[in-house]
Amino acid sequence: MVKRFDCLKLLASWMDEHMLTVTSRGGNAREWAHLRPGGANFHSLNLGTCLGFALGVSLAFPRRKVIAIDSDGSLLLDTSALVTVAEVNPPNLLILVFDNQSYANMGATATARAADLEKMAEGAGIKKTGTITTLEEFGTVVRKAFDAQELAFYVVKAAPGRERVKVDSRFIHGRPMLENFVTVVRNHPDYRGGFTPAKE
Amino acid sequence: MDEESIAIIIKTLKHEKIDLVVTLPEEPTSPLTEEIRRDPYFTSVTVAGEGHGISLCAGASLSGRRCVFVTGIAGLLVGAWSLAQMGVLYGIPVLILASYRGDIADHSGISGAQLFMFQQIGEPLLNALRIPYKVVDKKSDLERRIVDGHSACQGFGTPLVLLLTGDVLWSNDSTA
Numbered sequence: 279m280v281k282r283f284d285c286l287k288l289l290a291s292w293m294d295e296h297m298l299t300v301t302s303r304g305g306n307a308r309e310w311a312h313l314r315p316g317g318a319n320f321h322s323l324n325l326g327t328c329l330g331f332a333l334g335v336s337l338a339f340p341r342r343k344v345i346a347i348d349s350d351g352s353l354l355l356d357t358s359a360l361v362t363v364a365e366v367n368p369p370n371l372l373i374l375v376f377d378n379q380s381y382a383n384m385g386a387t388a389t390a391r392a393a394d395l396e397k398m399a400e401g402a403g404i405k406k407t408g409t410i411t412t413l414e415e416f417g418t419v420v421r422k423a424f425d426a427q428e429l430a431f432y433v434v435k436a437a438p439g440r441e442r443v444k445v446d447s448r449f450i451h452g453r454p455m456l457e458n459f460v461t462v463v464r465n466h467p468d469y470r471g472g473f474t475p476a477k478e
Numbered sequence: 003m004d005e006e007s008i009a010i011i012i013k014t015l016k017h018e019k020i021d022l023v024v025t026l027p028e029e030p031t032s033p034l035t036e037e038i039r040r041d042p043y044f045t046s047v048t049v050a051g052e053g054h055g056i057s058l059c060a061g062a063s064l065s066g067r068r069c070v071f072v073t074g075i076a077g078l079l080v081g082a083w084s085l086a087q088m089g090v091l092y093g094i095p096v097l098i099l100a101s102y103r104g105d106i107a108d109h110s111g112i113s114g115a116q117l118f119m120f121q122q123i124g125e126p127l128l129n130a131l132r133i134p135y136k137v138v139d140k141k142s143d144l145e146r147r148i149v150d151g152h153s154a155c156q157g158f159g160t161p162l163v164l165l166l167t168g169d170v171l172w173s174n175d176s177t178a
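Protein chains in written order, with my numbering: chain A, 279 to 478; chain B, 3 to 178.
Think of the hints as simulated: they come from the structure by calculation, not from any bench. Don't take each hint at face value.
What the simulated footprint calls covered on chain B by chain A, stretch by stretch (three residues with Cβ under 8 Å from a Cβ of chain A suffice, anywhere in the stretch; the number is not a length) [to be verified]:
no.: 1; segment: 90-97
no.: 2; segment: 108-118
Restraint ranges, calculated between C-beta atoms of paired labels, are given here [what the hints assert, rightly or not]:
no.: 3; chain 1: B; residue 1: A154; chain 2: A; residue 2: G403; range: 56 to 62 Å
no.: 4; chain 1: A; residue 1: R391; chain 2: B; residue 2: G114; range: 36 to 42 Å
no.: 5; chain 1: B; residue 1: S113; chain 2: A; residue 2: R442; range: 53 to 59 Å
Taking beta-carbon pairs under 8 Å as the criterion, some of the chain B residues facing chain A (in silico) [claimed, not checked]:
no.: 6; residue: L22
no.: 7; residue: V49
no.: 8; residue: L58
no.: 9; residue: G61
no.: 10; residue: A62
no.: 11; residue: L64
no.: 12; residue: G66
no.: 13; residue: A82
no.: 14; residue: Q121
no.: 15; residue: Q122
no.: 16; residue: A130
no.: 17; residue: P134
Note that the Cβ used here is the ideal one computed from N, Cα and C, for glycine as well.
Bound conformation, chain B alone:
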């Protein structure tokens, strides 16, 4: 993720008064979470597992603290149990920004077999969990998608995922 995407995301989170950012660092979004960690506006929590990271966001969100969970497709897989509990069972709004690992724009160093697994399972998992999601692959859409996603997850009463890919995530080497 490049500086322009990072700047848009940070500006939009502040506009939305989202000041609690929860993450388990992963490669493409780590420049974003590092920048957030340095910004005194945010309370940044680095979790040791995505399951309790999602539960943490649910507890905070339901209690009135605006927050976002930053992860990747693997984090959604690991956190599926908590997503099912907080989403299907309780309908708690949690905004999630997830790098779309395994999208055809993913030029990171992990194996093609691993990427293919993410590509095959990511979106079907979200559909199975009845979690709305939107693929965001253009920087020009990023601000609007975050604002709309935040509003929609609160209005719908559900976790909601923005899958970041294309020039939002892979600006320098993307073919998307």
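Bound conformation, chain A alone:
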């Protein structure tokens, strides 16, 4: 098992300013917001909505790497998204599912149990899949996928718990986070326009 924070720290070191990320709730959002405070990051998507949202972002920014930082509990709520992702097959999408085998915010509650999330993704039709159990593997296997132009899906077996990090909570939840994302995205060199926020 790996420590999620160590993997995310590596991931953050690979990112350029124009890449986009989408995270599920909880530790994924907090730790990622701490490690990548700037850039186009949409944080804290609730259970079952991260993968679909990331797919939409990948279709809006086809020339940029989009990374979905999801969790086991979140993926399980809508595994049919794997089928859609496999068929669309966006070459710029990298999916990382940090699997601590629990709904971590509630303590020890089982998620996938005997199910193999990697095999579920493979069975859905995603060609490049893997399960990561060490930081070294993350640094080599995921790095290779990060650099490639090919849809990839990795389950990262992560130890329960989260790193104690300082983060401004306003910018990982709700409307302030969204407005921050929109501001960054609208200044992105690949932005095609189309979103007009509601007047206050």
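Put chain B on the given structure of chain A with help from the hints.
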């Protein structure tokens, strides 16, 4: 849905520069989504579940890609969790064209009990989710409603549903 309604919708989507169409096929709108799939102007995504279809549209829309989700009342019920997240929580504009299953013009083959359930739950669900909607039952209104709906959902900052029924959806056998 007949060829005239399909032609109006495709023309209006192009006018609005909506080039990403997301759907989970359902009976009355399938001729539309099949036509869209054949048209190279559009990127057509067929989802395996309405929940992530709505999330997909939200991610694309917020990132500047103009898109529409084509579904029916059942799809709105299945996608309610995502609609609550993308609508009430975040206020992300997503234009939705939904066949109004269970409207009194619905002459499709599914059971009356099922249609009645849609009829009873569809609009109250949208009201509960605070999602604006408009019933579109005349072909003569269709183009204007799509243009206005697209503008309104972006201006309001919310998903918005156009419920298609009447001669828009059931032209050959409608009594509406």
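Cross-check of the supplied hints:
1. Counting residues of the segment 90-97 of chain B whose beta-carbon sits less than 8 Å from any beta-carbon of chain A gives 5, enough to reach three: the coverage restraint holds.
2. For a cut-off of 8 Å, the count of residues in the segment 108-118 of chain B with a CB near a CB of chain A stands at 0, and the three-residue condition is violated.
3. Against the hinted window of 56 to 62 Å, the Cβ-Cβ separation of B/A154 and A/G403 comes to about 37 Å, which falls outside the hint.
4. A hinted range of 36 to 42 Å holds for the C-beta pair A/R391 and B/G114, which are about 41 Å apart.
5. Roughly 56 Å separates the CB atoms of B/S113 and A/R442, a value that falls within the hinted 53 to 59 Å.
6. A cut of 8 Å between beta carbons decides the hint on B/L22: the least distance to chain A is about 6 Å, and the hint holds.
7. About 5 Å separates the beta-carbon of B/V49 from the nearest beta-carbon of chain A, less than 8 Å, and the hint is met.
8. A hinted interface residue such as B/L58 counts as satisfied when its beta carbon comes closer than 8 Å to some beta carbon of chain A; here the least separation is about 4 Å, so the hint holds.
9. For B/G61, the suggested interface contact is upheld, since its CB lies about 3 Å from the closest CB of chain A, less than 8 Å.
10. Annotation: B/A62 was flagged as interfacial toward chain A, and the flag holds, the nearest CB pair being 4 Å apart, inside 8 Å.
11. A cut of 8 Å between beta carbons decides the hint on B/L64: the least distance to chain A is about 6 Å, and the hint holds.
12. A hinted interface residue such as B/G66 counts as satisfied when its beta carbon comes closer than 8 Å to some beta carbon of chain A; here the least separation is about 5 Å, so the hint holds.
13. Violation of the interface hint for B/A82 is found here, the shortest Cβ-Cβ separation to chain A being roughly 12 Å, above the 8 Å cut-off.
14. Checking B/Q121 against chain A by beta carbon gives a least distance of about 27 Å; that is not within 8 Å, so the hint is violated.
15. The criterion of a C-beta within 8 Å of any C-beta in chain A is not met by B/Q122, whose closest approach is roughly 26 Å, and the hint is violated.
16. Hint status for B/A130 relative to chain A: violated, with the closest Cβ pair at about 18 Å, above 8 Å.
17. The interface hint given for B/P134 is broken, as the beta carbon of that residue sits about 12 Å from the closest beta carbon of chain A, more than 8 Å.
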